[in-house]
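Novice: Next come the chains, spelled out residue by residue.
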Amino acid sequence: MGEHNYIWEAYRNGEKIADSGDLAGCSLISFTPRNNHKRNLAKVDISGVKLDRRFVRVFIKARLGGGKIPCLMKWEAGSNVVMPSASVKEPPDLRKHLSPGMLIARVGRTFPWYVVVGVERERVTIHKPYEGKSKDAETRFSERQTTSEGCLHCVVCDGFRLYLNDKTGQVTITPEEYELYL
Amino acid sequence: MAATIQIHEMTSLTTGVNKTSGTIRFKDADNATVDLSNPLVVPDSGSIYSYTKKLRAYMAAPPDTQISNMRWYTDGNNGFGTGIEVTAKNVGTTWGANYKTQMSGGSNLFGYTSAAPLDGDSTDTGPFDSGNDDSYIGDLIELQMSVASTAQHGSLTPETLTLAWDEI
Numbered sequence: 001m002g003e004h005n006y007i008w009e010a011y012r013n014g015e016k017i018a019d020s021g022d023l024a025g026c027s028l029i030s031f032t033p034r035n036n037h038k039r040n041l042a043k044v045d046i047s048g049v050k051l052d053r054r055f056v057r058v059f060i061k062a063r064l065g066g067g068k069i070p071c072l073m074k075w076e077a078g079s080n081v082v083m084p085s086a087s088v089k090e091p092p093d094l095r096k097h098l099s100p101g102m103l104i105a106r107v108g109r110t111f112p113w114y115v116v117v118g119v120e121r122e123r124v125t126i127h128k129p130y131e132g133k134s135k136d137a138e139t140r141f142s143e144r145q146t147t148s149e150g151c152l153h154c155v156v157c158d159g160f161r162l163y164l165n166d167k168t169g170q171v172t173i174t175p176e177e178y179e180l181y182l
Numbered sequence: 001m002a003a004t005i006q007i008h009e010m011t012s013l014t015t016g017v018n019k020t021s022g023t024i025r026f027k028d029a030d031n032a033t034v035d036l037s038n039p040l041v042v043p044d045s046g047s048i049y050s051y052t053k054k055l056r057a058y059m060a061a062p063p064d065t066q067i068s069n070m071r072w073y074t075d076g077n078n079g080f081g082t083g084i085e086v087t088a089k090n091v092g093t094t095w096g097a098n099y100k101t102q103m104s105g106g107s108n109l110f111g112y113t114s115a116a117p118l119d120g121d122s123t124d125t126g127p128f129d130s131g132n133d134d135s136y137i138g139d140l141i142e143l144q145m146s147v148a149s150t151a152q153h154g155s156l157t158p159e160t161l162t163l164a165w166d167e168i
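Those protein sequence lines, which keep their order, are chains A and B. The first sequence runs 1 to 182 under our numbering. The second sequence runs 1 to 168 under our numbering.
Each hint should be verified, as a subset may be incorrect.
To be verified - Calculated cross-link-like contacts (lysine to any residue; reagent style SDA-like; alpha-carbon spacing at most 25 angstroms): (1) A:K167 <-> B:A61; (2) A:K167 <-> B:D75; (3) A:K68 <-> B:G111; (4) A:K68 <-> B:S45; (5) A:K167 <-> B:S45; (6) A:K68 <-> B:A61; (7) A:K68 <-> B:S155; (8) A:K68 <-> B:E159; (9) A:K50 <-> B:Q66; (10) A:K68 <-> B:Q102; (11) A:K167 <-> B:Q102; (12) A:K16 <-> B:M1; (13) A:K167 <-> B:Y49; (14) A:K68 <-> B:Q66.
No lab work stands behind these hints: they were computed from the structure.
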């Protein structure tokens with residue numbers, strides 16, 4: 001997390017405070033946007049209430065999953081072609097005479113729009129064709145990153161909390177013990 | 001100055017790969033590489049399980065004062081589709097090898113939402129300060145994906161996992 005869009009300062013007995021989380025005895029806390037010429041964020045002041053403490057709630061993210069889920073093609077005699085238990089119809093006694101290349105070709109003729117990703121003696125693994133122009137293109141797609149992160153400035157007061165969204169300037173008032181997560 | 005905290009996919013108790021804003025790929029292999037190798041294959045019956053993943057927060061730069069209240073959560077909607085689930089649990093700070101048998105004692109990851117997040121510092125409680133700089137903080141979170149025979153094969157839309165903490 002880099003610099004926040006808002007900088008804060010509080011005043012206790014005329015003394016300016018700009019660090020720590022303890023606001024006990026403070027009469028005012030101000031959140032002032034920095035470099036505001038583009039964002040047009042509002043300045044936020046809290047005064048006239050009993051201030052208790054402050055903190056910043058930070059959020060970072062990671063992507064889960066992605067990629068492809070292939071299905072198995074069972075190498076057995078039969079005519080059931082319903083995925084994921086698809087079968088290629090061949091007399092069982094011919095299996096021993098088939099090379100992996102012949103097997104791939106046979107699967108390709110039966111399911112021309114699927115890509116063979118693995119061949120074993122008893123089964124073939126296939127999945128749908130790559131969505132990009134090449135495997136490399138799809139790998140890059142899979143590694144695409146998300147950059148969303150954010151934070152809320154929280155001021156705990158007597159009887160309520162105030163959350164200030166550092167990115168949008170949105171102010172949310174909640175009960176004193178309420179934990180707000182984006 | 002605000003702290004820099006990263007989400008790491010752990011390869012041992014003290015080493016991991018930064019996955020902040022990146023991808024955690026569930027696979028039929030025990031590695032943190034994001035590629036199309038060793039995919040989870042839809043079984044013809046029952047379910048199969050990915051190797052478990054362990055995540056932990058890493059302090060790359062310290063806070064002014066301290067960090068506490070670490071929480072993990074999702075948007076609550078499993079967008080992976082029918083037959084694909086992710087199980088999660090807090091395993092404290094004890095490292096165990098990743099495995100691909102069914103996780104015991106976990107809960108549905110998508111049950112952890114902003115309204116009811118997974119506690120990420122119940123064992124390694126903190127608060128964490130400059131003395132924890134360049135080290136792992138909070139608990140290990142273990143994840144595992146399962147794929148049932150009812151799952152559709154094809155592209156898997158990624159989901160988002162959020163780590164939140166309070167900082168002073």
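Novice: The structure should be examined with respect to each hint, and the outcome stated for every one.
Specialist: Each hint, compared with the structure:
1. A:K167 <-> B:A61: Cα-Cα ~21 angstroms, so holds.
2. A:K167 <-> B:D75: holds, 20 angstroms
3. A:K68 <-> B:G111: holds, 24 angstroms
4. A:K68 <-> B:S45: holds, 19 angstroms
5. A:K167 <-> B:S45: violated, 48 angstroms
6. A:K68 <-> B:A61: violated, 35 angstroms
7. A:K68 <-> B:S155: Roughly 4 angstroms between the alpha carbons, so the hint for A:K68 and B:S155 holds.
8. A:K68 <-> B:E159: Holds, because 14 angstroms separates the two Cα atoms, which is no more than 25 angstroms.
9. A:K50 <-> B:Q66: holds, 23 angstroms
10. A:K68 <-> B:Q102: Distance ~21 angstroms between A:K68 and B:Q102 Cα, so the pair holds.
11. A:K167 <-> B:Q102: Judged against 25 angstroms, a Cα distance of about 41 angstroms means the pair is violated.
12. A:K16 <-> B:M1: holds, 18 angstroms
13. A:K167 <-> B:Y49: violated, 39 angstroms
14. A:K68 <-> B:Q66: violated, 41 angstroms
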